[in-house]
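Asks: So you can see what is in the structure, the chains are spelled out below.
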Amino acid sequence: MSETNDLIIFDDVSKFYGEVLGVNRISLSIPPGITTLVGPNGSGKTTLMNLMTGLVQPSSGHISVMGLTPGDVAEFFRNVGYCTQFDFFPRGLNGWEFIFDSLMLHGMDEVDAFGLTTEALQRVRLGDAAGRKIAGYSKGMRQKIRLAQAIAHRPRVLVLDEPLNGLDPMARAESIALFEELGRQGMHLLISSHILDEVDRISDRVVLITGGYLVAQGNIQQVRQEVRDKPMQVLIRCDRPELLASRMFAVDHCVEARVHADGKGVFLRTGDVDQFYSMLNGIAAEGLVKIDAVAPADDDANAIYQYLIGSDGSAS
Amino acid sequence: MNQTTSSFRKRVMQQPWDLWWIQALRLTRIEVKRNLFSWRASWIYFLAFIPTLIILIHVAVGRRLQLSMDDDTEILAGIIQFYYIRLGIFFGCLGIFSRLIRGEMIERSLHFYFLSPVRREVILLAKFAAGSISALLLFGSAILADFILTYTVFGATGHDYIFNGPGLGQLEAYLMITVLACLGYGAVFLLLSLIFKNPTPAAMIVMGWEAINPIAPSLLQKISVASYLRHLMPVNVPAEGIFALLTVQTEAESVWTATLGLLVLIVLVLVYSCYRIRTFEIRYTTE
Amino acid sequence: MSVHKNTYRAYTGPVTPLWMRVFVLARYGFAEAWSSKITITLFTLSLLPVIVFLVGIYLANNPIAQSLILKNSHRMLTVDASFFLGALQMQSWIALVLTAWITPRLISFDLADNALPILLSHPISRFGYLFGKFIAIFGSLSVVTWVPCLLLFVYQCYASTQPWAAANLSIAAGMFVGAIIWIGFLSILGLALSSWVKWRVVATAVIFGAVFVPAGVGAIVNAVLRTQWGLLLNIPVTMSVLWQRLLGAPEFLRRGSSLPTTAIVAVLVLACLLCLAMLNARIRAREVVRG
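Residue numbers (my numbering), protein chains in the order written: chain A, 1 to 316; chain B, 1 to 287; chain C, 1 to 291.
Think of the hints as simulated: they come from the structure by calculation, not from any bench. Treat the hints loosely; a few may be bogus.
Partial list, derived from the structure: chain B residues whose beta carbon lies under 10 Å from chain C [said to hold, decoys possible]:
(1) Y45
(2) L47
(3) F91
By construction, the Cβ of each residue, glycine as well, lies at the ideal position given by its N, Cα and C atoms.
Put together the whole structure using the sequences plus the hints.
Replies: Spelled out as structure tokens, the structure:
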């Protein structure tokens with residue numbers, strides 16, 4: 001398989017709903033692994049996912065998923081599973097029928113469809129409720145059955161639009177573990193979520209989008225590094241956090257210092273990372289403070305979201 | 001030329017027809033079940049079987065009346081021409097076929113079909129087949145029941161009229177008309193539901209068009225379902241007032257020409273529907 | 001002891017009387033109804049017949065214009081009860097089309113979006129909610145029915161060279177009452193069917209179907225059971241008969257002549273009661289959760 005056949009590619013894609021902008025000139029190249037799509041409400045995340053799966057047509061540009069386009073329906077949807085955020089189902093079906101029917105449409109025989117239905121329901125822990133009508137499901141169960149339907153045919157690419165919505169903490173943890181496992185197995189996962197701190201832990205990369213425009217993309221640490229104009233926060237575990245804080249705070253590039261709640265560390269925010277580390281090395285060499293660990297404290301998706309998009313959803 | 005033909009044939013043969021057939025069968029089965037066996041379908045049962053109920057009352061009380069078989073034959077033809085074709089099948093098909101795509105859009109469940117590995121044309125044709133089967137089962141059985149009940153009241157004379165007279169031929173024609181009406185209106189309403197968010201106003205224009213079509217120029221008469229069906233009616237219905245407009249036959253056509261003409265119209269509408277559905281977008285928020 | 005500083009104060013200012021809040025819903029109903037381009041188009045189309053009738057009145061009252069334009073015609077154009085019956089019938093059909101378009105917008109959107117529990121959690125009753133919607137549809141239909149018809153009547157009074165108005169006031173009264181009955185019936189029917197079928201697309205079709213299908217069923221009843229009572233199911237015919245009698249126009253519908261007025265009124269009342277029962281069953285503060 002060629003390298004491009006492993007990628008999800010958006011090539012200068014735009015989508016306009018009449019005069020309303022959906023997304024504008026998006027170019028992305030997403031390798032296998034878990035990718036988080038981050039952005040405020042109405043930023044174009046769902047439009048991007050709908051474009052990718054052919055539910056809406058791009059106004060311009062080209063999209064390919066592992067070398068396939070949604071026009072090649074049979075091959076495309078054999079490889080792609082999409083768990084949408086639309087909380088509606090075909091009328092009158094129970095959980096089992098919902099998944100079984102969709103597998104039969106793949107052209108499977110009944111034995112295979114039976115096996116895969118059972119497997120998918122077990123993966124989302126919904127086996128007991130499979131015989132009940134979906135109309136009677138709770139919001140969390142409906143989310144789970146959608147996820148089960150998306151993974152039932154064992155796709156290579158899984159697109160998940162707000163997959164943690166409506167799930168209780170236990171179910172969220174189970175779903176995240178499932179995504180992590182699927183990602184480890186080499187599946188492409190594209191997840192949009194507002195519960196950033198949970199998804200962030202398992203993401204390999206992040207795509208930030210706001211107002212239909214791509215703001216940043218790549219490995220979370222790389223994106224953070226590129227946001228040079230924003231002060232970076234570092235947690236330093238040490239025996240004398242107050243002393244370290246006072247020494248660091250004396251220089252211009254250090255803009256904030258906050259002692260950790262347990263008193264065994266300090267959060268320092270700096271505008272010049274290179275100078276910061278050079279000064280920290282000096283302090284360590286002096287022996288005044290015993291430094292146990294140094295780690296970036298704001299290179300998660302949440303922090304990047306705050307920096308690049310802001311709490312009001314407007315890109316800064 | 002030969003090379004082009006053989007390459008086209010090769011391309012056609014390479015298509016996964018078996019898979020499409022299995023997918024279409026599965027989709028059709030799901031849709032037929034939903035069309036026929038839900039409380040929501042009860043109004044179509046009402047539309048189809050209300051004349052049957054009235055004829056049943058007629059049978060129950062008819063033995064006390066002086067009835068003429070000629071009159072009842074004309075009445076049955078009138079019921080089929082005025083009620084079933086103009087109202088029952090018209091509104092029934094509007095309900096059934098508009099729901100197939102637009103209804104799924106309204107209920108926000110169409111994306112499940114579009115996200116399955118089934119060509120959109122296969123989805124559309126399978127849904128059309130399901131709608132047609134549902135409409136035919138309902139209206140076909142209703143008309144069959146109407147026919148049997150109408151002549152039951154006449155006992156041996158009725159039996160003789162059916163099996164030794166023109167009865168069976170008329171029944172065959174009525175069923176043929178039902179089939180063509182269901183397919184014709186079905187194809188038109190399926191297309192309207194693809195084009196318009198609310199296909200009903202357009203359907204009402206179609207209803208008006210069907211009514212005034214007999215006085216339209218002969219070329220325009222060809223773009224009408226009812227105009228073809230009029231030529232297939234085995235019994236002339238005397239009509240007065242505005243109803244006379246609905247029975248006018250302006251352009252004489254043979255049964256086969258009318259049937260083929262309508263089938264060509266249906267195929268053309270379906271081909272255009274297949275073209276429309278390829279670029280059909282899921283936009284639930286605008287519904 | 002901790003001290004809590006309570007700064008929150010519930011609203012204690014003046015409020016409008018309960019009956020006035022109905023008009024808030026009516027106002028939003030009007031806005032919703034007239035926000036559609038199709039409503040505006042239908043309204044514009046509804047003015048065309050009025051213009052034609054207006055020209056008719058002008059010609060009827062202007063002998064010179066009449067002799068110039070209708071010189072070869074043997075028929076004299078007269079403005080009488082039949083003339084206004086024609087105007088009322090034409091406008092009433094347009095009112096049916098408007099009802100099928102507007103009422104689903106007023107009710108079905110609320111039901112489809114499960115907005116009723118939110119609306120009814122305000123200090124407004126179910127009756128108030130429905131009455132507000134009723135005002136919106138009734139007002140909209142008035143604009144295309146009795147208002148233009150009475151304006152035509154006023155113009156005829158003004159244009160007539162003879163003392164015409166006093167002798168023909170019963171036509172105006174008949175038109176007004178006939179139009180009020182029709183649009184009142186249409187409003188209740190439209191609201192009831194829209195509340196029952198929930199989806200706007202289907203509701204539009206059902207409103208048309210509710211007028212035309214019973215007419216067909218009535219015709220079958222008449223033909224099969226050899227009776228005239230099936231005509232009572234034919235709303236267009238029964239209303240035409242009622243309007244003829246209200247305006248004092250000659251009854252040109254031979255088929256309807258046998259229908260007693262009380263039977264027609266009874267059918268309309270029964271239909272309205274059925275619609276009210278449907279509304280009572282559906283307009284409730286409950287959310288329907290479905291898959």
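Asks: If a hint holds in the structure, say so; if it doesn't, say that too.
Replies: Hint by hint, here is what the structure shows:
1. Among the interface hints, the one on B:Y45 is violated; its C-beta lies about 13 Å from the nearest C-beta in chain C, farther than the 10 Å criterion.
2. Below 10 Å, beta-carbon pairs count as interface contacts, and B:L47 has one with chain C at about 7 Å; its hint therefore holds.
3. Because the smallest distance between the Cβ of B:F91 and any Cβ of chain C comes to about 5 Å, under 10 Å, the interface hint for this residue holds.
The structure fails to meet hint 1 from the earlier list, while all remaining hints are met.
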